[in-house]
Structure formats: structure tokens, C-alpha cells
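Residues per chain, in single letters:
There are 4 protein chains.
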Amino acid sequence: MRKLKKTSVGILGATGMVGQNYVRLLENHPWFEVRAVAASPQSAGKPYSEAVAGKWQMPCEVPKEVQGLVVEDASNVKKISEQCELVFSALEMDKQQIKDLESSYAAQDIPLFSNASAHRSTEDVPVIIPEVNPQHLEIIPEQQKHYGWKKGFIVVKPNCSLQSYITPVAAIQAAGFEVEQIIVTTLQASSGAGYPGVPSMDLVDNVIPFISGEEEKTELEPLKIFGKIQSGKFVPALKPLISAHCNRVPVVDGHMACTSLQFAGKKPGIEEILQAWKDFKPEPQRLKLPFAPERAVIYKTEENRPQPRKDRDLDKAMAVTVGRLRPCRVFDYRFVGLSHNTVRGAAGGGILNAELAKAKGYF
Amino acid sequence: MRKLKKTSVGILGATGMVGQNYVRLLENHPWFEVRAVAASPQSAGKPYSEAVAGKWQMPCEVPKEVQGLVVEDASNVKKISEQCELVFSALEMDKQQIKDLESSYAAQDIPLFSNASAHRSTEDVPVIIPEVNPQHLEIIPEQQKHYGWKKGFIVVKPNCSLQSYITPVAAIQAAGFEVEQIIVTTLQASSGAGYPGVPSMDLVDNVIPFISGEEEKTELEPLKIFGKIQSGKFVPALKPLISAHCNRVPVVDGHMACTSLQFAGKKPGIEEILQAWKDFKPEPQRLKLPFAPERAVIYKTEENRPQPRKDRDLDKAMAVTVGRLRPCRVFDYRFVGLSHNTVRGAAGGGILNAELAKAKGYF
Amino acid sequence: MRKLKKTSVGILGATGMVGQNYVRLLENHPWFEVRAVAASPQSAGKPYSEAVAGKWQMPCEVPKEVQGLVVEDASNVKKISEQCELVFSALEMDKQQIKDLESSYAAQDIPLFSNASAHRSTEDVPVIIPEVNPQHLEIIPEQQKHYGWKKGFIVVKPNCSLQSYITPVAAIQAAGFEVEQIIVTTLQASSGAGYPGVPSMDLVDNVIPFISGEEEKTELEPLKIFGKIQSGKFVPALKPLISAHCNRVPVVDGHMACTSLQFAGKKPGIEEILQAWKDFKPEPQRLKLPFAPERAVIYKTEENRPQPRKDRDLDKAMAVTVGRLRPCRVFDYRFVGLSHNTVRGAAGGGILNAELAKAKGYF
Amino acid sequence: MRKLKKTSVGILGATGMVGQNYVRLLENHPWFEVRAVAASPQSAGKPYSEAVAGKWQMPCEVPKEVQGLVVEDASNVKKISEQCELVFSALEMDKQQIKDLESSYAAQDIPLFSNASAHRSTEDVPVIIPEVNPQHLEIIPEQQKHYGWKKGFIVVKPNCSLQSYITPVAAIQAAGFEVEQIIVTTLQASSGAGYPGVPSMDLVDNVIPFISGEEEKTELEPLKIFGKIQSGKFVPALKPLISAHCNRVPVVDGHMACTSLQFAGKKPGIEEILQAWKDFKPEPQRLKLPFAPERAVIYKTEENRPQPRKDRDLDKAMAVTVGRLRPCRVFDYRFVGLSHNTVRGAAGGGILNAELAKAKGYF
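Protein chains in written order, with my numbering: chain R, -9 to 353; chain L, -9 to 353; chain Z, -9 to 353; chain W, -9 to 353.
Chain R on its own, in the form it takes in the complex:
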């Protein structure tokens, strides 16, 4: 019977907004089934549906299989580890606490896929976008050896702000063109700040040209993603140099990125870039992973697309859409990228990471 063969899964931080998205997205997942939900001590002991009463933000009802699961205290590592074979972390607490707690799960033989930023700079923890750097999973054995973990390991996903333009850039680089410099301005959705997040008084008829810590993440995380494994550690790439200006706009979901690119060496023609996006078929698409969008990059030909509300939900909200590829008067080219920040850029991205790791036999 198929159902018995699904991997049992736990969600840490299950009552927060990213955690709720995990719960929602894993309903009817072909490979995974939620068996444990964990959160802070205040929620512990309550049935999940009660723990999220009044703060359930998803546009659906709590999935039936999860409604009755009793919320555990996320710090009960041992107990939770006995209930599941894999854990998604959407923890919201002090950075060092998250780091330690996530490591504890790995130490209990649990593969942990995290949305938190805590371990992103840990030198042997891979920051994965499955379409961009699937080969970075190869560090897992070295990571396990380093920490003395047997079957457990930690894989993280990058910040939601960079998902909208890094995959298109990676596709161009995969076609043999080297991007030297990027100046990008992001228009990011309200949901990116969680709940309660940004006050409505700051976002009705307004835009906020600042998101704390976001520009640094947007500028530096891609360098690790484009980096190499050397002696069991990641050595970040030196290029492309990225400058990011991050804005919060009155949009519910969907981060948009106005991107200007300067190439080093050979500069592609517009047709070559379009072809590169069309031909880009990285590992998640080749492996037909359940959460992988059919096309890794979708180019919209209309002159005014992509748009957050109209394009964010394409292909299970996992698509990265681009549009408006055109010459830049200062750099070589410009385009607009878009991806759904709470699905592709958060829970959906975490699930795809886990699918990739499973398909490649890491657990």
C-alpha cells in the first residue's frame, strides 16, 4: 500500500506563517506525510487546529490529517525524532537557538531542511536552490563526518528575496555566459515579513524602501550558491557582484526583481538569453520532482509581465517567471523576475530541497 511507504515528516515552527504553508502544501504530497507538528511551549499540548485558531492565515481550512495532531514543544528533539524520518524547520526564535536546535535534530539522525537563516553562513551547510546548485548536496557526507552525525544532516534554502532572479541568471550562466555585475531592485510582498509583520498604516497607499537585513542577504547568499566545495567547506564565488535595493510594496504574495546585468567576456544576444531560458532543464525538472515546476524559467512575452498577482501562482506557485528582457543603457541587459515568496521562496522551496535530497538518495 502506497500510503505506508510515504516518508513521515515533522514541521518545526508549525504554527507560524511558514509552518502553516508547510502544513498546507504537504497535504496529499505523494512522498511525504506530516506526522509531527512542533512549536513553542505555549502551543505544545494543544491539537494543531486549536493551536492555530484565530491565526490560521492560509486560504483553505486546516487539512484534516493535521487538525488533530498534538503540537509538541520543538525542543523535545528526541520525542519528535521518533515520530518522523525528516524534519522541516520554520523556527522563529533567536538565531543561535535555532542553530543549536536544528543541529540537535541532525544529531538524532534526522535530515533537516530549513527555512531559517541561522545556518546559511555555516561553512559546510549547503544553501540550495535545486535548479541552481543541486551538486552542493555533495557536501552532506563531509558535513556528517565533521559533526559526527550518522544519517542526519542540514540543508537550508536561501532568502526569499533572491529567488526571483537568481534562477534566470543561473540559466544564462549555464549556457556559457558569465555575469559580472548585477544591480537589482526588489519589490517584495507583505507576507515576506510574516504575521503580524508590516502594519497596514505603513502599507496602504505607501511603499517602504527598506527591509532590515534583506539587502545584505540578497547580495551575499548568491555568492555561496554559486560557490564551490573545497576541503569540506563552501568557498563563495567572487562574481557576480550584486547590489540590491529592497522595497516592501502593498502586495500580498510575490517578490519581483528589476534586474540589470553586466557580462564579463562574451556578451550574449537577446535571442541567446531567451534560448538559454527555454533550454534550461536542470536536475529537478529532469528528475520530475513532485514540486518542481514543469519549466525552470518561464518567459512571459507580454510587455507588462510578470506581475505578482497574475503570475505568482503559475505551476503550483513554484514557477520563476521573467519578462521584459531588453538592452540596458548602462549595463548589457535588463529583465524583470518574479517568484512566489511564501511558496517557491519558503515552504515550497524547502519541500523541493527535500525531494531532491530524497531522489538523490541522501536519505
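Simulated from the structure, these hints should not be mistaken for lab results. One should not assume that every hint holds.
Chain copies aren't distinguished; within one or between two, either way the pair holds.
To be verified - The calculated lysine to any residue pairs, modelled on SDA-like cross-linking and capped at a C-alpha distance of 20 Å, are:
| id | residue 1 | residue 2 |
| --- | --- | --- |
| 1 | Lys256 | Ala165 |
| 2 | Lys306 | Glu51 |
| 3 | Lys290 | Glu40 |
| 4 | Lys36 | Ile260 |
| 5 | Lys207 | Glu293 |
| 6 | Lys306 | Cys50 |
| 7 | Lys68 | Ala43 |
| 8 | Lys306 | Arg14 |
| 9 | Lys290 | Ser202 |
| 10 | Lys306 | Gln47 |
| 11 | Lys348 | Ser(-2) |
| 12 | Lys290 | Ala43 |
| 13 | Lys268 | Gln163 |
| 14 | Lys85 | Glu55 |
| 15 | Lys36 | Gln73 |
| 16 | Lys45 | Tyr289 |
| 17 | Lys207 | Tyr323 |
| 18 | Lys36 | Thr291 |
| 19 | Lys45 | Asp303 |
Since the structure of chain R is already known, use the hints to place chains L, Z and W on it.
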């Protein structure tokens, strides 16, 4: 008696949104008083308050002095020219028609200050931001000679999209630093598209990464503004090279610009730029023109400013506010600029142009 | 083979917003498949994907099966009638023209299910909400006889504004309590006005307390729905008397209704109303029609629900959710109702009407 | 010298949103000048401009006269009472604490005008809308006698939700028609909840049909306002009976009210109501108080007005605008009312109360 000495003023396109702003802003103006309102033949013959019934968009009532003015057909150049000494043009019609009609007024001895884009590329019509290139008014005698106009002339203002960052750039250049390259992403308000303008279905929970023709204007008009008069014509500057990405966001008023700058030659320190903005006191401020903001550039020290709703109305909505000056990882510096698009960037800018020309004795 | 057994379907007005919703919602429908798309002469002759290029508003791509269908001129009744067994009308033209055109299809043996208001007041055309007055389909034979149609007939759905509270009211009446008076204030979504619809300048940071013709429809259509068939015509009910105040609010989808009820005769207790909603299992639910929501009325127990964005998509966006049932200081009770206006209140409602008619053997 | 004759004024809760509005609105007030600003102990000791740095929400800069005022701890009643002759209270703390603290100021000979709800139900504290029940100030001597206060007293203003329709109702009643029942649905602005207030995730593309405690206030406070003084206490009116449904909508400022009225006895014609509104000239208008709008009720004849963004700022944002007067199918008449919630409904209303009390010689 003072009132008798005011310059009598006509407004072309007085029933449209920019025209309504002229009507609103000129109420109680110390130098000008509205004596003629002109629009399309459909509106002609009606009292102004009746002509705008149901389409008055201003957050106030129609000023009493204008309510009863009978709307003229804007093509009755002769009649309107007899009623006023100066004309503001907010015409919305075919570009060539606007060009011809505006010239007809100048030929009738009327100084005409236009918001329309029709004459912006005419080689001897100045595109003026009073804080940036007031000296361009010097072309007026040559313009009059060229077309055989005695007292009439045409002055235009630039597109609303560039007002939010060109004045700060000009202030830096005035301090002796040469800007070589600019990559700017604008977040522009709904009102910039007029009325009915952008459908709400495109702007509730959404952003549109495209505004027809806007990027070209934003990239090219500054070069004329920074240009020189040679042999009775404007020769555009070659620098700074500008790349603009223009977005429409769900904001009522206020265009914002995320700007990255690369300098040629000597690169200023951050303190030098801040000082340049603080010290910048161009002609409108020195002349204390009625519509000139007290400070030509206002720097906001809070990390998350300027914001459209909170800063657009500063100093009669004529202020240009900047914030977030910081190094750029790719270029030299970055900042955010903001100005009110329908006041500073439209009717208010036109009025300031007229004030400058009057103060300098051009009429 | 199953596919061959599906009913072939045509959509009139297929390029408009309601038409696009029909196209989207009928993808993979178990009973129906789209075989013809019709629109105005301007669109005719183009493949559907080309005809909607730049105006496709759905949050998905054009379904593959429809992309290549060549758009017909909707007035080619004969040709379209040969291509399909059933037609959905989302025509947007002059009311009399719609009326005549819809009748022409019926005359060609085509059962026609309309979203348009044209035939709502035709005395032998039923206005159906399947959960409320499925028995009104019984007029079909009389309608056919009256107009001399053999197999064709016309069924319409009511205005989208009343769907959010009429089903809950019907459920209470089905439990034996007679509602005498209703005062309702609706907060209606932008999409209800179609595209381009309401200008963003009227809806960003604003509310419009008026929708042309909407209050009359909201007040009168329910009386026909609650009415009876007598001598081949509908005789409207006299009660409940309804007063509706209709507002447009900055919400994309989802009409909300703040409703106060006064009962005639026996007044139920709060528990009786909740029970009535819980127990309400009308024909679409008993027949398990594909588009019928599992529960005809969903009561949300949270004190601040239903909310448009969070509840409109429940159960295929076909659910009617209610909340905040409480005593009214003037009438007997108050509650808030919500339904998705472009799905439940438009295309989805039309599809459910067709499913009901098919399940009951009318074609 | 005029300046010396102004009444010196203190603001309690000066750093909160209502307090900021007091600071903003009192700039250049002809009768009052701000001499003391008080807030919580955390803000105490800082210059005002520093205390509000990063949380100043007003669309202007901090007025120069207030920037340097050192914030006092609001509980230093004695010290603050020495610095000013009158106090505005915008305190945000525990209700009982507010009540006690406000009374302490009165005990120190300070007339106190409050925005807080704490004293609204105190039986000898008047809840004043100057256009509606100015005569309620007559309780002041009795209040002073009761509590043993010499010159101090307490006057409060009602909740912001009811200002938009109670003045129009009072105008009708002043013309001799008795309103028996009111069913009202309010659409209230985000700013009504203060800052941070409502999360943007709850208000972008959404409406919340619930505001905690608001319906009770909206239903009951008018009865005190329409009540009488008997034996030194207020006896609430029994009529009109009010049922209020309060919604939060994505609007920055401006509360709107869709109102249905049932008359007792003589029912006016539509023209009589319009005339009543036109003729309504209560005390603040007769006395030409500085903050009184010229007309107490403004009727908008356009079919789709009043609208929050377009009408809230009329006449110093102190106007109450109404529109859409029409018959109601259930009650007698319906109309839409609007007022600016943070000006007319909060700080501006408080200032008008103080002006009234001063003009009538209560201090």
C-alpha cells in the same frame, strides 16, 4: 490694491486631472489669478463647476473664483489670449495638435508653460526644473526670434518620473562631482497615469513593471536638462548615462526612485554628498519664489524613508526628499528619492517655472 | 472512452472576464468540455490565446485545449450551435441584443446558461441558485412550449451581489422560520465590475458607496428566486422585504454582506439558526454535483470572519461562508456572509446551474 | 502681544498617533499653544522630536515649537499642571489608570479634554459633539461640585465610529423629526486602530468585518449624547435604537457609514431632510469657532459620494459629508455619511470641544 496687480492666467486642459491640479494650486496664489479655463469643445460653454461635475478628483471643493468661469474651447486661441497674460498647458490630445496649439498661443504674445510632452524635444524649447537648469530660460529671446514671436514663448517641464532623483543628482554635480552612470528603478503612483488611468484590477494586490514610453523619457530628458545652449539650440549632455526601470505601484501620489550612481573622476565621500544636499541653494530658493520649497533637497535620516504617503506632502508637496544614502556594492553610491508627481512633478512644477520666468523678467 | 462522453460546451463572450473564468474553471471538468469560444466580431477568426493576449486576467495560463480554438463571432448562432450541445453566456453588449441572441441559441435546440442580466426579468426564465430554488427548473417545459423551442431553453443566475447572504437566509427559511425584512450592506470586490472596470484612482485608499443598478438587483432578484411558478410564469414572493446598500471596496475578489434580519412569526434562537445552517443539505449537495461545495453554508466560528481574501477560495471558491451571527439591537439577528463573486457569483454559479439541469435530465 | 494671550496647552499621550495629531493640528492655532508634552516614562526626558523619531506618522515634519519640548512623564500631574492651563488627553493605558490620571488633572484645576473612552460612561462627564449637544457642558459646575474640583473639569469626545452619521441625524432631529431606529454599517479606516494597529496581511486585498468593542460604543454612546441632565447626571435617551455593524477597510483615513433610518411619528420628505441639513447651524458654526467647519453638514449631490479619500479632508478635515439620501425599501430613508476619523473623530474633535468650552466661558 494688490489684487489688481496679479497676472491673469489661463489653463488649457483645465478639466483633466493636471488641469484640476492647476485650478486647485492657483487658489490664493500671490502672483497669479485664474481668469480663463479652456478644454475640449464638449466642455466649452459650461461653467467650470458643471464641466467637472462627477469628475473632480481633488481633495477639496472647486475654488469659488473658478466655479463660475465659463469653459472655453482651447482652440479659441485669440479669445483666450485676450483674457489672460499667461497660459498653463495641461492639454491631452494628439501630440502634433498640442504642439501646434501651444505654438499658436506663443504667437499671440502669450508666455506658455506646458506640462505636455509635445514640445520637450523641440530643439529651442527649454525643459526646465528651476532648481537644476534655470539658466536654460536664456534661450527665450532666441526662441522668440526664431519663430517670430514678440512677447510669447514656450517653456516646458520634464516628465514626472525623473523629478525624484534629478535634483539630488544636480546638487551633487553642483558641488563639483561628476556623475557618470545612473541605474534607477522607479516606483510610480497611480495618479501619474491620469484618470481613469490604471484599472484597479491591475493595481490592487499587484504591481505593473511597465509604463509605456516612460523609461525612454526618464533616460533621455535629463540629458537635455543637463545640456547646453549652442547656436540657439539645446545640445544634450552626454553624461550621466541613465538606465531606468519604471514600475506602477498601488500608491495614490508620489513617485519614488531607487538610484545607484557611478562617478567619473573624483568620487565624493558620503559626508560630502550630504553636505552638497544641505548646501544646495539654487535660484528658486534664493529668489524665494512662492512655490519653491524652503530647501531644494531634504535628507531624511530615518533608515526607512522617504515613503510616498508620509513624505510626498512636505513643504506644499514641492519638496524633493531623499534618504538611505549608502555605498553601492557595484556602483559608488545608492539613495532613494521621492517627489509628489502631480504637484512637484506636474502642476506645481509648471507654476514654479512660471514664477521663475516672471521673477527673472521674461514677462 | 470517457472523454467522448463529455458534453461539448460553447462559451459566448469568452474573451471577457467572466468568459475567461468559464474557460479556466471548465478545464478538466468531469462532465463538460469546451469546444467553442465566441466573442465579438473583432476577436473572431483568431485563436483564443491570441484573442486574449494582453488581456488574460486569470492567475494561470490559458488551458491547452482552448488555446488553439478559433474564436467565432457570437452572432453565428447556427455555426456555434453545431459545435456544441450546451452554451454558457457571458455576453457583454446591449441588453436587448443579449436577450435576442440568447433566445436564438435556445431556438437552435441549445440549453443556454447565462450570467447576463438580460433575461432575469423575463417572466418564464428561471433565476437559479441551485441550493435555493432548484425546483424552478420545472418551468423549462413551459418555457419551451411558450417560445416553440424543442430542446433549447434559458436558465440564468442572479446578480453576484446577493449570493453571499441569500443562501444562508434560504437555509433558515428551509428550517421553518420566515424572514420578514432584511437590511444588508454589501462590500463588493473590484472584479465585480469586470475589466477595466473601476479606475485604481477610485479604489486605492478609497471606497465607493455606489454601484450603478446594483441595489435594485440585490433587492428584487431574491423575490423572484423565492417566488412561485403560476400559469407558466414566475410570481415573485412578497417577502422578505430587502434594503441593500452596495459599496465597492479595494478587494480583488469576494463580496461580503453585513446582514440584519427581522423574522415574521416564530423567531428562532441562535442555536436553531446555527443548526439550520449545519443541517442544510439541498439538492446540489445531495446530488454531489461536481461544482457543489461539500457544505452549502459554512459557519466560521472566529469572531472576525468571514474575510474576503482568507475565505473566498474555500471549497473550489464555491462555498458560501457566514460568521458573526449575533442579536441585532434593532432587528432580530445579524450575520456576515461572503462568497466569491467571479466563481460562485458568476462562472462557477453558471456551471453549477448546468450541472443541476443535466443531473435532473433537462438535457 | 497676541502670543502671550494664547492659552498654554499640554498633551498627554503626545507620542502616540492621536497625540501626534494634536501636535500637528495645534500648530499655529489662534487660541492655544502647546507648552507641555507628556507620555510614558520611557519617553520622558527626551526632546519631543527624539521621542517620536522613527514613529512620527504625520504627513508633515514635527512643528518647530514642539521639537525641543522635553517630554514629561504623564503621571507627573503637578509639574505638568504648572506648565499649562488646559490639557488634551490621548492617553493609551489601562482604562482605570486613565480614569484616575485624568481626574488627577482636573483636581489640579486643569480643564481636561479627552479622546480616551475611560470617562465616557462616567455619569457626570459629558460626551460632546459640539454640533450636537453643546448644552451638555452645563453639567460642568455640578461635576466640579461633585468631585470638589475648583476650576478643573473633564469633557470627553465620543468614539470615532459614530461621528460620520450622528451629526446628520441630529440635524434632522433639530428640524423636528424624531428618528426611531437606525441600522448602520460602518467602513472604518486603518488609522482608527492606531499604530501599529492592523497588520497589512489583514488589510491588503481584504476587509475585516469586526472591530473589538466598536459596535457597542457605536450603539450606546449616541444615547448619552442625545440624553438629558437630571440631578447632576446624564440620563441616556431611549431613542433612536441603533444597530451597528463595524468593518475595517483598506483605507488610511475616513470612516464611512451606510445608514438606514426609521422615523417615529411624522416622517419628513426628502426635501425636508436636505433642507434640514442645509439650515443646520449649531453653536460651533454660530460662534465661528476656529476648528468648526463652515457648514455643519455638507451634502454631496454626486451619486457616488461621499468617498473617504476624496472628501475626508474637506474644510480642515472637520466636515461631516453626507450623500445618497434616498428612500429605503425597509426603513424610511438611507444615506451615507463620512468624517475624518483622526481629525474630526479624534484630535480635531477634542480641540473643537475645548474651543467651545472656552468660548462659553468655562475656563
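Verification of the supplied hints:
no., hint, result
1, Lys256 <-> Ala165, "within (11 Å within a copy, 38 Å between copies)"
2, Lys306 <-> Glu51, "both (18 Å within a copy, 12 Å between copies)"
3, Lys290 <-> Glu40, "between (42 Å within a copy, 14 Å between copies)"
4, Lys36 <-> Ile260, "neither (56 Å within a copy, 28 Å between copies)"
5, Lys207 <-> Glu293, "between (30 Å within a copy, 17 Å between copies)"
6, Lys306 <-> Cys50, "both (15 Å within a copy, 10 Å between copies)"
7, Lys68 <-> Ala43, "neither (27 Å within a copy, 47 Å between copies)"
8, Lys306 <-> Arg14, "both (12 Å within a copy, 15 Å between copies)"
9, Lys290 <-> Ser202, "between (31 Å within a copy, 17 Å between copies)"
10, Lys306 <-> Gln47, "both (18 Å within a copy, 17 Å between copies)"
11, Lys348 <-> Ser(-2), "within (13 Å within a copy, 43 Å between copies)"
12, Lys290 <-> Ala43, "between (39 Å within a copy, 11 Å between copies)"
13, Lys268 <-> Gln163, "within (13 Å within a copy, 44 Å between copies)"
14, Lys85 <-> Glu55, "neither (31 Å within a copy, 44 Å between copies)"
15, Lys36 <-> Gln73, "within (17 Å within a copy, 54 Å between copies)"
16, Lys45 <-> Tyr289, "between (36 Å within a copy, 17 Å between copies)"
17, Lys207 <-> Tyr323, "between (23 Å within a copy, 18 Å between copies)"
18, Lys36 <-> Thr291, "between (49 Å within a copy, 18 Å between copies)"
19, Lys45 <-> Asp303, "between (23 Å within a copy, 17 Å between copies)"
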